[in-house]
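K.L.:
Take the two lone chains and join them into the complex the hints point to.
Given next are the chains, with one letter for each unit.
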Amino acid sequence: MKQAVLSAGRVFGLKAGTPPRPRSLKRVSGRALERMMQLLFVLCGLVAVGFVLLIIVYLVLSGIPAIRKIGLLDFLFGRTWAVGQDQYGILPLILTSVYGTAGAIVLGVPIGFFTAVFLSKVAPKPLVNLVRPAVSLLAGIPSVVYGLVGMCVLVPALRSWLNLPAGDSLLAATIVLAVMILPSIINLSETALEAVPREYEEASLALGATELETYFRVSAPAAKSGIAAAVVLGIGRAIGEAMAIMMVAGNVANMPALTQSVRFLTTGISIELNYSQDGSLQRQALFSIGLVLFLFIMLINAFLNLVLKRDKEG
Amino acid sequence: MHSTLSPGRRAYDIGARILLYLSAGLTCGLLVFLIGYICVRGIPGISVQLLTTAGSVLRGTVGIFPAIQNTLFVIVVSLIVALPLGVGAAIYLTEYARNRRLVAVIEFATETLAGIPSIIYALVGVIVFCTALRLQKALLAGALTLVIMNLPTIVRSTQESLKTVPQSYREGALGLGSGKWHMIRTVVLPSSIDGIVTGCILAIGRVVGESAVLMYTAGLSTAAQDFSSLAGMMKASGATLTVALYHYAKENADFAVAFSIATILLILTVAINLSASLVGKKLKRS
Numbered sequence: 001m002k003q004a005v006l007s008a009g010r011v012f013g014l015k016a017g018t019p020p021r022p023r024s025l026k027r028v029s030g031r032a033l034e035r036m037m038q039l040l041f042v043l044c045g046l047v048a049v050g051f052v053l054l055i056i057v058y059l060v061l062s063g064i065p066a067i068r069k070i071g072l073l074d075f076l077f078g079r080t081w082a083v084g085q086d087q088y089g090i091l092p093l094i095l096t097s098v099y100g101t102a103g104a105i106v107l108g109v110p111i112g113f114f115t116a117v118f119l120s121k122v123a124p125k126p127l128v129n130l131v132r133p134a135v136s137l138l139a140g141i142p143s144v145v146y147g148l149v150g151m152c153v154l155v156p157a158l159r160s161w162l163n164l165p166a167g168d169s170l171l172a173a174t175i176v177l178a179v180m181i182l183p184s185i186i187n188l189s190e191t192a193l194e195a196v197p198r199e200y201e202e203a204s205l206a207l208g209a210t211e212l213e214t215y216f217r218v219s220a221p222a223a224k225s226g227i228a229a230a231v232v233l234g235i236g237r238a239i240g241e242a243m244a245i246m247m248v249a250g251n252v253a254n255m256p257a258l259t260q261s262v263r264f265l266t267t268g269i270s271i272e273l274n275y276s277q278d279g280s281l282q283r284q285a286l287f288s289i290g291l292v293l294f295l296f297i298m299l300i301n302a303f304l305n306l307v308l309k310r311d312k313e314g
Numbered sequence: 315m316h317s318t319l320s321p322g323r324r325a326y327d328i329g330a331r332i333l334l335y336l337s338a339g340l341t342c343g344l345l346v347f348l349i350g351y352i353c354v355r356g357i358p359g360i361s362v363q364l365l366t367t368a369g370s371v372l373r374g375t376v377g378i379f380p381a382i383q384n385t386l387f388v389i390v391v392s393l394i395v396a397l398p399l400g401v402g403a404a405i406y407l408t409e410y411a412r413n414r415r416l417v418a419v420i421e422f423a424t425e426t427l428a429g430i431p432s433i434i435y436a437l438v439g440v441i442v443f444c445t446a447l448r449l450q451k452a453l454l455a456g457a458l459t460l461v462i463m464n465l466p467t468i469v470r471s472t473q474e475s476l477k478t479v480p481q482s483y484r485e486g487a488l489g490l491g492s493g494k495w496h497m498i499r500t501v502v503l504p505s506s507i508d509g510i511v512t513g514c515i516l517a518i519g520r521v522v523g524e525s526a527v528l529m530y531t532a533g534l535s536t537a538a539q540d541f542s543s544l545a546g547m548m549k550a551s552g553a554t555l556t557v558a559l560y561h562y563a564k565e566n567a568d569f570a571v572a573f574s575i576a577t578i579l580l581i582l583t584v585a586i587n588l589s590a591s592l593v594g595k596k597l598k599r600s
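Chain order of the listed sequences is E and W. Residues 1 to 314 in the numbering used here are what the first sequence spells out, letter by letter. Residues 315 to 600 in the numbering used here are what the second sequence spells out, letter by letter.
Because the hints were derived from the structure by calculation, they are not lab data. Owing to the predicted nature of the structure, the values given are computational and were not obtained by experimental measurement. A hint or two may mislead.
Among chain E residues calculated to face chain W with C-beta under 7 Å, some are [claimed, not checked]: (1) Met37; (2) Val42; (3) Val52; (4) Ile55; (5) Phe114; (6) Ser136; (7) Ala242; (8) Asn254.
Below, in silico cross-link-like pairs of lysine to any residue (SDA-like), each with a Cα-Cα straight-line distance of 25 Å or less [claimed, not checked]: (9) W:Lys596 / E:Ser136; (10) W:Lys564 / W:Gln383; (11) E:Lys125 / W:Lys596.
C-beta: ideal position from N, C-alpha, C; glycine also.
Just chain W, with the same shape it has in the complex (with noise of 0.2 Å):
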């Protein structure tokens, strides 16, 4: 067929043949140099002390443990207020709802928070959970600035697998005498549970990966903080993973810890990224 393709036809076809390989290569390479580029730096630099201890200054060295601490502090609570809420309104908008107005506010006002660069939270959370709610910078603050930026993901994912649940399970459920609630409870949530826990997925990958708004909201601190007793865990405020790299990186210029920490959030990333997509396909097949 070819071979009856006027010349410029021809060179089109070979032109725009070409610049798309190039732009996947381009995409592809780029993301094979990032992570080449980060290991290469990073893993010679991730050791158990790193991992275990927490900095010390005294000694000289380095330790990223209250990072991580930090991290699933603020990963645990800001899911525990955000995924009630967050699948509260979901079940309301698909189950409930019957008020087609309400129903398109609460939407726009879920894209409008989805759409919120997090520079802004982190204004939100200065204004709001730091100074008005006295929480001061604090992890906590930090979390719950979080929530807002997570119901979106979360009351659209769990949306996403509500919709999935056939209606004749509810009519069934209903047919043999339950009540809405109890139909929701014993029916509608076990057969959605997978786009719950993807919501969760995805949202821990929010935290995991956010860096604004924990900076301003949940301190800079890389000393080990206090979790063993609520008013600890009410005052404690440090940084996360990507702050303590941003500290790193650009406070003390010392790189290799800063390539360490990237190291840990790549592969974090990868594992977020994994489960999602398996409880995703768990999703399509059942």
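Pulled out of the complex, with its shape left as it was, chain E reads as follows (with noise of 0.2 Å):
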């Protein structure tokens, strides 16, 4: 029993304490006290491994009955999502969320790139105080209130230039999430630009380039898996969000199209978590897609720490 605990004490890097000197009850007591801190602390430490346990753990638990029940391949790729009829299928659902994550990095990558270089090397020092502290008001402004501006400004636009019956559409979701995955990409581009050693730049200026091509072909490259981990980074951030597309996407399970009312695997969740019966199967299908998501996520953030790594090394 000692030499487990004594072991134990070894993994958390408890040292085996020097005997005790009975003569100083104090000092006594305040060794008690530093093992119990230092318990207390590898607990603390624990706490977060045991988060995402119980994350997975719950996920699973409650995410494999519906697929049991609805067959994994139908659950996969059904073409319907139908309560009333039992349909189950969430196609649909995944292909608008790798659509519009798409499209939201098509749209938003460029724009964020272009800033960040801007930010991290044209601007000047003025300017940069000014544009910084705004990228990062960008970046924390609740996504309820991106989803307000696009349903009170974005959707009646699209309706009357697009001539569409309503503007709730596939297209307003990836704008509104292009903007919001924006100051993700521009902070981190901008780091990952501003890490390039001066020295590279000066070289190619010496050479004869401009200042721009040297930005452009010497800086981004250099820049390169920095900048690839701020993309991946707006894939995440693309593929999780749920309240601001949820205002603007019309959420209806179609199979994605542009003008189409669609409904992402987020809004496929939260559009119907609080009408869904407890126990029933579209409650368990709900926590399926959680499942669905959750899995997702986890292939973008292992992608993540795989980029980010390979930074570091590099």
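P.N.:
Here's what the structure looks like:
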């Protein structure tokens, strides 16, 4: 038993204490306190691990039953989600999430990247001091506020420009997502660009390249893994966003088309979570969507870690 | 120098410059438009009555005081739980941990938590806190779900500032015969208080901006809740500011109130960003 305690202590970095000196009682209680605090901190550290396990276990436990009942293939590749007819196919949701995210990346990454180059290389200092807080403000604005503005400005605008019966569409959601991922793309790319050694740029300038050529052909390639990380982070953000796009996407589970009302994986959960009955197949299917979304996110995170790791080594 | 450039290179240079200015202009223009639009539509609706009363259908008045109260309650409860846990975890990681593998596991777990989208936290909150722990749909359940969500934020910023405490401080304290905990309590923590405060501010920002989790775990009611007794606090269930915004915009189509709430959220975001950067600057100076 004592051996076990000792080896557990070694795992957590506890040092086997020197034998207590019984002469001073205060010392002994002090040592007990030290031990107790150390144990407490170890527990705090393990709490995060516990939470992750808790999330995984509960998501898997509550996500599996519906997949079992519906059938994995029917669930993942079924084209209709119709609660009334007990049909739960999430292919439209998956495709919508993929298309919406891809669209947001296509729109958001170039703008974010160019803004980052502007901030880190071109802009005069006073302007940087103005724009940088603006970017962090964009990052801090709650997603429902983006949804609200999208609902009141973007959706009516799209309706009248494109002559649609309703402006709630994949296009509207994609634009909102692009705006929402902009700050993280700017911040991460900027950090990556700032980290490029000044000598690289000086060498390029000395060889006669113009400043702009230097930024795009020397600095940007040198910062490419950081920029890749920014893109992956943007994908993670976009695929996980729920509230803002719930307000502009229309939320009908159609197969995705740019001007159609669509439902994402996230909004597939959020739109029905408050209305589904506890224990019903519908509620269970929502948890299964959650499980699928979680797997997506874990894949993206693993990819992000890989990119960042390569960045550190490279 | 530019006069010697070939036309093609000059075009590249000018084109690239235009792209940069356009993109930066677009980003800033977007923010200016957002702020302007929200304020123009929101500020007229802000009144003392809106901020200090609960809405009443009988009198035909709208008030978001309960939403403000709910938001504060969620902030306080989630911080009370998350702060000790997060700071403790950071202390373990930077001060105690000797086992590299365990550190890697804990850091991986914190990163995973940071990457999980809030709708998944909503699901977990519904299963774990509302159903399994029988809290029902209540602000308490929402606050506890947010504890999990905020843990990475607090751990990370505390860890950052613990790392900036010079090693010589620790050696000095230990050399004078202090125990480890005594050293942490009297030397390390006080000199990293800025990072802890920053973590708290960021966590508050996340709570204020969070909507998905609270919508499904904390309830939608915009009526006044009873915070006077412990039992009342346990049972209180209602909308925070963001959820109230969603409720007014999407369910009631009452956009005036929604924009007023958006204005308030905007002001809060600015305040939170400002205070975080002020504390951050102080951290850099010291």
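K.L.:
Hint by hint, note whether the structure agrees.
P.N.:
Against the structure, the hints:
Nearest Cβ of chain W to the Cβ of methionine 37 (chain E): about 4 Å, under the 7 Å cut. The hint holds. Against a cut-off of 7 Å between C-beta atoms, the interface hint on valine 42 (chain E) holds, since the closest Cβ of chain W lies about 6 Å away. Interface hint status for valine 52 (chain E): upheld, as the beta-carbon distance to the closest one in chain W is roughly 4 Å, under 7 Å. At about 5 Å, the closest approach between the beta carbon of isoleucine 55 (chain E) and any beta carbon in chain W falls short of 7 Å, and the interface hint on this residue holds.
A least Cβ separation of about 3 Å between phenylalanine 114 (chain E) and chain W falls short of the 7 Å threshold, and the interface hint therefore holds. Taking 7 Å as the C-beta contact cut-off toward chain W, the hint placing serine 136 (chain E) at the interface holds, the least distance being around 6 Å. With its C-beta approaching chain W no nearer than about 4 Å, alanine 242 (chain E) sits inside the 7 Å limit, and its interface hint holds. Contact between asparagine 254 (chain E) and chain W, as hinted, is not supported at the beta carbon level, the nearest pair being about 20 Å apart and thus beyond 7 Å.
Distance hint between lysine 596 (chain W) and serine 136 (chain E) is fulfilled; the C-alpha atoms sit about 18 Å from each other, no more than 25 Å. For the hint linking lysine 564 (chain W) to glutamine 383 (chain W), the alpha-carbon distance of about 22 Å falls within 25 Å, and the restraint holds. This hinted pair checks out: lysine 125 (chain E) and lysine 596 (chain W) have alpha carbons roughly 21 Å apart, not beyond 25 Å.
Checked against the numbered hints given earlier, this structure breaks only hint 8.
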